[in-house]
Amino acid sequence: MAEVLRGNLAQLSLLDILKMLSAGNRSGRLDIHQGAKSGEIYLQYGNLVHAVSGTHLGEQVVYTLMGWLEGDFSFTPDVEAPEQSISVSTEQILLEAARQADQWRDIKEVLSSTDTVFNISASGSTNTVSLKPIEWQVLAQINGERSVIEIADLLDLHEFDVAKIIYGLTTAGLLYEVTDSKNAFREIVDESFFEQLLVNFTEVIGPIGPIIVEDEIKLLGEDRGAFPQSKAAELVERVSLEISDSAKRAQFQKQMVAVLRG
Numbered sequence: 001m002a003e004v005l006r007g008n009l010a011q012l013s014l015l016d017i018l019k020m021l022s023a024g025n026r027s028g029r030l031d032i033h034q035g036a037k038s039g040e041i042y043l044q045y046g047n048l049v050h051a052v053s054g055t056h057l058g059e060q061v062v063y064t065l066m067g068w069l070e071g072d073f074s075f076t077p078d079v080e081a082p083e084q085s086i087s088v089s090t091e092q093i094l095l096e097a098a099r100q101a102d103q104w105r106d107i108k109e110v111l112s113s114t115d116t117v118f119n120i121s122a123s124g125s126t127n128t129v130s131l132k133p134i135e136w137q138v139l140a141q142i143n144g145e146r147s148v149i150e151i152a153d154l155l156d157l158h159e160f161d162v163a164k165i166i167y168g169l170t171t172a173g174l175l176y177e178v179t180d181s182k183n184a185f186r187e188i189v190d191e192s193f194f195e196q197l198l199v200n201f202t203e204v205i206g207p208i209g210p211i212i213v214e215d216e217i218k219l220l221g222e223d224r225g226a227f228p229q230s231k232a233a234e235l236v237e238r239v240s241l242e243i244s245d246s247a248k249r250a251q252f253q254k255q256m257v258a259v260l261r262g
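If you read the sequence shown in our numbering, its first letter stands for residue 1, the second for the next number, and so on.
To be clear, the hints were calculated from the coordinates, so they are not data collected in a lab.
Think of the CB as a built atom: it goes at the ideal place given N, C-alpha and C, for glycine as much as any other residue.
Certain hints may be false.
[Claimed, not checked] Taking lysine to any residue pairs in the SDA-like style, the calculated list, with each CA pair at most 25 Å apart, reads: (1) 132 / 122; (2) 132 / 12; (3) 132 / 91; (4) 108 / 98.
[Said to hold, decoys possible] Derived CB-CB ranges, DEER-like: (5) 161 / 10: 21 to 31 Å; (6) 134 / 45: 17 to 27 Å; (7) 96 / 223: 27 to 37 Å; (8) 214 / 74: 49 to 59 Å; (9) 122 / 78: 18 to 28 Å.
Build out the structure end to end from the sequences listed, making use of the hints.
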């Protein structure tokens with residue numbers, strides 16, 4: 001039986017491992033483990049042909065695994081891939097992986113791991129805040145309790161994409177890292193939040209606004225009188241989807257970012 005190559009990602013990066021295996025025209029399965037998480041990358045004659053981690057497949061998995069700066073790896077030669085999920089060339093993947101590896105180094109300055117938890121910051125200016133739809137989806141899931149990886153799973157997005165968005169929101173002053181989320185208490189939003197939400201939303205959508213807001217509160221399984229701060233951004237994101245005009249929706253969301261931050 002062929003010898004299995006083993007090591008630690010802290011000593012040898014995944015990018016360097018893949019470069020080495022590709023240059024050597026190796027075939028087999030590369031297993032990567034970080035705590036309870038795992039991923040597999042298959043090579044055939046030095047070409048990346050399949051990658052899987054959880055429910056995710058393809059080259060995006062390779063880029064996500066690049067963010068695992070710690071963990072163990074093992075390469076078992078001559079293991080055939082169960083399927084082919086990678087359609088782009090290995091050269092392209094390695095070039096993109098190198099670019100993303102540089103981005104991960106920047107991200108790690110703010111986000112020590114994908115298990116990190118963030119919450120919405122009450123400080124800083126909101127004058128220049130304008131979020132893309134995908135950024136709003138991520139922001140809506142940030143509640144001081146969910147980790148980066150949990151948000152990625154909820155939205156069915158890759159860890160790298162969510163980490164990059166959270167990095168951007170944090171450096172913009174919108175988020176801060178929660179250091180003790182397990183001991184966080186259930187904070188209730190102030191009534192002024194609903195007053196501003198109803199004023200801004202009704203101004204855009206008309207007198208049906210309060211009815212929509214009440215319906216969404218019920219769909220979230222909550223009561224207005226005891227609505228948790230951790231779901232405020234999600235409520236804003238849900239009601240904003242009722243605004244069909246994208247420009248008006250963006251303006252409403254921008255107004256509500258300021259409200260969310262107090």
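Structure versus earlier hints, numbers of those that do not hold, lowest first
2, 3, 6, 7, 9
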